[in-house]
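Q: Since the structure of chain A is already known, use the hints to place chain B on it.
Spelled out from the first residue to the last, the chains are:
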Amino acid sequence: MVIENLSMFSKEKLDLNFLLFGGKGGCGKTTSACAASIYLAHKFPDKKILIVSSDPAHSVGDSFNCQVGSSITPVNDFPNLWALELSAEEENVRFKQENDAVMKKIAERGTLFDNEDIDMFFDLTIPGLDEIMTVVKLADILKEGKYDLIVLDTAPIGHTIRLLDLPVHMKKWVEVLELMQSKHRFLFRAFTGKYRRDDADDFLEKFDNDVKRVNRLLKNQRSTRFVAVTIPEVMPVEKTEELLKELKKLEIPVRDIIVNQIRNSENNCPYCAPVEEEQKKQIDYISQNFSGYNLHYIPSFPYPICGIERLTEYSQLLFGEKSYQPVLSAKAFPKPDNISISVNKPEAVSRFLEKKALIYIFGGKGGVGKSTMSCSAALTLAKRNPNKKILLFSTDPAHSISNCFNLPVETDKYGPVGGIDNLFAMEMDALKLLNEWKEENRDRIKETFDEFMGGGGTTIRFEEEIFEGLIDITPPGFDEIMALRKITDYISENRFDIYVLDSAATGHLLRFLEMPAIARSWTKAMLKMFIKYKKMIKMSKQAADYVDLSRKIRKIQEILTDPDRCQFGVIGIAERMGKNEMDRLVERLKKLKIACGHILINLVLAPIKCDFCEPKRYKQQKLIQEIIREKSSEHQICQIPAFSHPIKGIDQLIDFSRIVYG
Amino acid sequence: MPYTKTRLSDFSDIKSARVPMFTEIIPAPSSRVGMVSGVVPHISSHPPISFARHMKLLPSRDLGRTGLPKGSRRVSITEMGLFKFVGKLLTGPVQPLVMFKELAEKIERQAQEESEILVSLEDELMELKILYELEEINAEEYLARKKELTEKINEEKMRLEEIEMKIVERKIIKGKEKE
Numbered sequence: 016m017v018i019e020n021l022s023m024f025s026k027e028k029l030d031l032n033f034l035l036f037g038g039k040g041g042c043g044k045t046t047s048a049c050a051a052s053i054y055l056a057h058k059f060p061d062k063k064i065l066i067v068s069s070d071p072a073h074s075v076g077d078s079f080n081c082q083v084g085s086s087i088t089p090v091n092d093f094p095n096l097w098a099l100e101l102s103a104e105e106e107n108v109r110f111k112q113e114n115d116a117v118m119k120k121i122a123e124r125g126t127l128f129d130n131e132d133i134d135m136f137f138d139l140t141i142p143g144l145d146e147i148m149t150v151v152k153l154a155d156i157l158k159e160g161k162y163d164l165i166v167l168d169t170a171p172i173g174h175t176i177r178l179l180d181l182p183v184h185m186k187k188w189v190e191v192l193e194l195m196q197s198k199h200r201f202l203f204r205a206f207t208g209k210y211r212r213d214d215a216d217d218f219l220e221k222f223d224n225d226v227k228r229v230n231r232l233l234k235n236q237r238s239t240r241f242v243a244v245t246i247p248e249v250m251p252v253e254k255t256e257e258l259l260k261e262l263k264k265l266e267i268p269v270r271d272i273i274v275n276q277i278r279n280s281e282n283n284c285p286y287c288a289p290v291e292e293e294q295k296k297q298i299d300y301i302s303q304n305f306s307g308y309n310l311h312y313i314p315s316f317p318y319p320i321c322g323i324e325r326l327t328e329y330s331q332l333l334f335g336e337k338s339y340q341p342v343l344s345a346k347a348f349p350k351p352d353n354i355s356i357s358v359n360k361p362e363a364v365s366r367f368l369e370k371k372a373l374i375y376i377f378g379g380k381g382g383v384g385k386s387t388m389s390c391s392a393a394l395t396l397a398k399r400n401p402n403k404k405i406l407l408f409s410t411d412p413a414h415s416i417s418n419c420f421n422l423p424v425e426t427d428k429y430g431p432v433g434g435i436d437n438l439f440a441m442e443m444d445a446l447k448l449l450n451e452w453k454e455e456n457r458d459r460i461k462e463t464f465d466e467f468m469g470g471g472g473t474t475i476r477f478e479e480e481i482f483e484g485l486i487d488i489t490p491p492g493f494d495e496i497m498a499l500r501k502i503t504d505y506i507s508e509n510r511f512d513i514y515v516l517d518s519a520a521t522g523h524l525l526r527f528l529e530m531p532a533i534a535r536s537w538t539k540a541m542l543k544m545f546i547k548y549k550k551m552i553k554m555s556k557q558a559a560d561y562v563d564l565s566r567k568i569r570k571i572q573e574i575l576t577d578p579d580r581c582q583f584g585v586i587g588i589a590e591r592m593g594k595n596e597m598d599r600l601v602e603r604l605k606k607l608k609i610a611c612g613h614i615l616i617n618l619v620l621a622p623i624k625c626d627f628c629e630p631k632r633y634k635q636q637k638l639i640q641e642i643i644r645e646k647s648s649e650h651q652i653c654q655i656p657a658f659s660h661p662i663k664g665i666d667q668l669i670d671f672s673r674i675v676y677g
Numbered sequence: 003m004p005y006t007k008t009r010l011s012d013f014s015d016i017k018s019a020r021v022p023m024f025t026e027i028i029p030a031p032s033s034r035v036g037m038v039s040g041v042v043p044h045i046s047s048h049p050p051i052s053f054a055r056h057m058k059l060l061p062s063r064d065l066g067r068t069g070l071p072k073g074s075r076r077v078s079i080t081e082m083g084l085f086k087f088v089g090k091l092l093t094g095p096v097q098p099l100v101m102f103k104e105l106a107e108k109i110e111r112q113a114q115e116e117s118e119i120l121v122s123l124e125d126e127l128m129e130l131k132i133l134y135e136l137e138e139i140n141a142e143e144y145l146a147r148k149k150e151l152t153e154k155i156n157e158e159k160m161r162l163e164e165i166e167m168k169i170v171e172r173k174i175i176k177g178k179e180k181e
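If you read the sequences in order, they're chains A and B.
So the first sequence is residues 16 to 677, counted in my numbering.
So the second sequence is residues 3 to 181, counted in my numbering.
Just chain B, with the same shape it has in the complex:
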């Protein structure tokens, strides 16, 4: 599971090696896998602080009024910023396609996250098997936990299949729309 984007230095060119920037290090997808951790700055085309927000007239853009993370809620026009709003207006005629693209990306992102859950569950099952082989848990506990994890894995697999189906359906629709 890759967690670095850049090539770290060899021993041989230790002096000349460029120190990798934090921004180039992507955090590990699962909290259980991270070895190198670093600050991942939030990069946005919109200014993080506007005058209204500075004066506390509007909530912070990071959390919004609802207090939910940004990805989970709809961004209102007032929060959007002028340039993005104008942009949306200009691209109005092709909005369905843009919307479709965003949706497809969202579904793909979700599938990625879901598959990571699956990997994590499978890892957990493997760990359980190892613990049983090491005689650190007894057969009873092993079987009970195995059953529980297997069920979860099957559920996740089914959910993933559904998502995949959705992606395929969207692609078909997209194909038809292009035609």
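Bound conformation, chain A alone:
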């Protein structure tokens, strides 16, 4: 196969201000973003470049092989390149320190709440903080004007779409804050005859301008470019198509697609040959269906692309400086002799499903095979427990269950899947659930206001509009709370005996696992309000609903932290960046008190005589040994073999589960 590369950007001048890299997890977004930033920093030494990671599970530092933190850090050897791994928590603290007083002032002026109530709500963690703080930080960086180019390494698809859509929603937030301030302006004018601007007006104007600036930049066809990254495999290509459709809707300019990890060994390896065969089909499909885009083909490397040297090599291929040469021969690498792994017992994986848990969760980095593992686990559980009902569900905004089964899966409610009587699946449309909740609450707020004012009594126009506006500006992570609520409903109604969660990639999975605590704190705040204002509002249906929600959330918190009822399987791959992310996930799970008994290392290569596979296997086995050394005392380490064909469709999933789970 001839791989011909296109030059990515104009070589003479850099007229871009914003470059985003996005795609399905595990396709090489971070590697591409880092490689592009070092290439451009080298090519345009007079331009200042900043690479920002918005994925809560950062890996920019791992990719550069240097320490990058939550403050802007210079990247080794490059005087004009800086990196930032955005910490939503830290940014939130900073934002609050700067704007807390003025925001509270607006809330106090615009709502019926007193200082105590406002302080309580301002102290709560907002769901979807990562996306909000990315927009806020980007606005600050843009306003500062210190950097000529910002390269954004985004989170996997679902959450990136949410991030890119956020500035539009944030405009609504400004409108509601503006409405709150208008009430103050009206009253001030009514009593004093004229109105004098104050810091609240300045804040609103600044915030509005910041949001507009980010929105304008995102949609600027001349200075912004979104680069989609994919690999020539069925599921990533399908997900890329979905991503491109969404980006078109959001009017975000996309011209380039990087087709990464192309196998080109041209040997008779029993593993490589079928993979290459499948890749060829997908490359044909890509060239036919994505012909309107600049396609950049990047080969698969038998080693991880980490550190400046390897990133430079990658960037030269990406920018067409170098044509692809099959130089990646095994000769340069030692043979994987003297390495023997003793833990590769299939019964170890099988044992993962033997514990009679209520919930099984599979989590890990993007592209490690979470969906495949969870779908096959659900199939195995359905087969082993014919008298039990199993629900396989996904809360990731970019669902993969239907892609994995190659069958349509219900979004509004659960439905049977694959013709198996006791297996049900659901790809939760969390946004739809959220909208339903909003409508329900809109009616309730109206009811409460009517009740409060004595049925057709006093109309406090501002308050009613503000409350309705507040419902519309629900933060971006709130949809996940709705998904959580749905599952807690099912659990409390005992609709299913076993639940299997196909989660989002690490960063957002952790956010989801933290969600019950966040949701509980919000529910508690609402309940405190009911107690405080019990003389004014009837403690009827709303209070009962919040008590019910609080109970259910408490129950799910108990389940998640109970090792007998919740089984968490961390899925990893034997690659340096994958291992780093896996380590961080295991650490965070420990902090969240979620028991994780099993580490499942996926895509482990078999010992094959192949110039490409042998060095890769050598690296893999070295890392697996490291994982065993570090983790086997607390976790059961299991290896899952790499398959030469994509696992898609019910038949292949059944075969896969037979091999993996026994």
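Just to be clear, a hint being listed does not mean it is correct.
Subject to a maximum C-alpha distance of 30 Å in a straight line, what follows is the list of computed DSS-like cross-link-like pairs (lysine-lysine) [unchecked claim]: (1) A/K547 x B/K149; (2) B/K149 x A/K543; (3) B/K173 x B/K159; (4) B/K149 x A/K549; (5) B/K173 x A/K556.
Under 8 Å between C-beta atoms, here's a sample of chain B residues computed to sit facing chain A [as the list claims (entries may be wrong)]: (6) M128; (7) I132; (8) E135; (9) L136.
Listed next, with one range per pair, are the computed distances between beta-carbon atoms [said to hold, decoys possible]: (10) A/S536 x B/N140: 17 to 25 Å; (11) A/S86 x B/R147: 49 to 57 Å; (12) A/E649 x B/S122: 25 to 33 Å; (13) B/L133 x A/Q236: 32 to 40 Å; (14) B/S122 x A/Y505: 33 to 41 Å; (15) B/N140 x A/Y505: 23 to 31 Å; (16) A/T576 x B/N140: 19 to 27 Å; (17) B/R147 x A/E508: 25 to 33 Å; (18) A/E529 x B/R147: 28 to 36 Å; (19) A/G434 x B/L133: 31 to 39 Å; (20) A/K111 x B/E137: 21 to 29 Å; (21) A/P431 x B/R147: 44 to 52 Å.
I should point out that these hints are in silico values taken from the structure, not numbers from a laboratory.
Ideal placement from N, C-alpha and C gives every residue a C-beta, glycine not left out.
A: Only chain B this time, still in chain A's reference frame:
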């Protein structure tokens, strides 16, 4: 739970708005729910003070001789006033119906009051549940108080059912009498 009878002014027509009269504001049915409070004058067709009462020859009509609120005791002819007494005499032939109407109204009033007690108890139970969710009371206290309140609620419900039954019975009797 409505507590105003009138429409208060909007912000927009704040200047032109008519200030609501106190008499139009009905006090909240439960003391726990009242937000707007005002003097509710006692309005009666009979003069509040007669010469005999002014001279302290008769007790005040508000409390009567017994000192009990007016609704709880029977009003004697001497306390009734001339017009009401004549009225009663004139309506003598249809007294059973009038009596029945008064009784039915009394029962309905009582049912209303009872249902307010029920609402108040249910609110108390909800408050208890909230306090437990907020971890302000422990499980032991919660269960004990919950049991107590649930019992009270059930008692009230039973009493309400009895009253409802009485109303239904009266209505049936009334229907028969009309026939």
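Q: Now, for every hint given, state plainly whether the structure supports it.
A: Consistency of the hints with the structure:
Distance check on the hinted pair: A/K547 and B/K149 sit about 24 Å apart at the alpha-carbon level, within 30 Å; holds. For the hint pairing B/K149 with A/K543, the CA-to-CA distance comes to about 23 Å; that is within 30 Å, so the pair holds. With a C-alpha separation of about 21 Å, the suggested pairing of B/K173 with B/K159 holds against the 30 Å cut-off. Under the criterion of a C-alpha separation no larger than 30 Å, the hint pairing B/K149 with A/K549 is consistent with the structure, at around 22 Å.
For a cut-off of 30 Å, the pair hint linking B/K173 to A/K556 is broken: about 33 Å separates their Cα positions. For B/M128, the interface hint holds, the least distance from its beta-carbon to any beta-carbon of chain A being 5 Å, beneath 8 Å. A hinted interface residue such as B/I132 counts as satisfied when its beta carbon comes closer than 8 Å to some beta carbon of chain A; here the least separation is about 5 Å, so the hint holds. Satisfaction of the interface hint for B/E135 is found here, the shortest Cβ-Cβ separation to chain A being roughly 4 Å, below the 8 Å cut-off.
Annotation: B/L136 was flagged as interfacial toward chain A, and the flag holds, the nearest CB pair being 6 Å apart, inside 8 Å. The beta-carbon spacing between A/S536 and B/N140, approximately 20 Å, falls within the hinted interval of 17 to 25 Å. The hinted window of 49 to 57 Å between A/S86 and B/R147 holds, with their beta carbons roughly 52 Å apart. At roughly 55 Å, the beta-carbon separation of A/E649 and B/S122 lies outside the given 25 to 33 Å, and the hint is violated.
Between B/L133 and A/Q236 the CB atoms are about 57 Å apart, so this pair departs from the stated range of 32 to 40 Å. Checked against the hint of 33 to 41 Å, the pair B/S122 and A/Y505 passes, with Cβ atoms roughly 35 Å apart. Against the hinted window of 23 to 31 Å, the Cβ-Cβ separation of B/N140 and A/Y505 comes to about 29 Å, which satisfies the hint. Hint check: A/T576 to B/N140, Cβ distance near 20 Å, so the stated range 19 to 27 Å holds.
Checking the proposed 25 to 33 Å range against B/R147 and A/E508 shows it holds: the Cβ atoms sit about 27 Å from each other. Taking the beta carbon of each, A/E529 and B/R147 are about 33 Å apart, inside 28 to 36 Å as hinted. Evaluation of the 31 to 39 Å hint for A/G434 and B/L133 yields a failure: the beta carbon distance comes to about 50 Å. At about 26 Å, the CB distance of A/K111 to B/E137 agrees with the hint of 21 to 29 Å.
Distance hint check for A/P431 and B/R147: the Cβ-Cβ separation is about 45 Å, which falls inside the suggested range of 44 to 52 Å.
Going down the numbered hints, you'll see the structure goes against 5, 12, 13 and 19, while the others check out.
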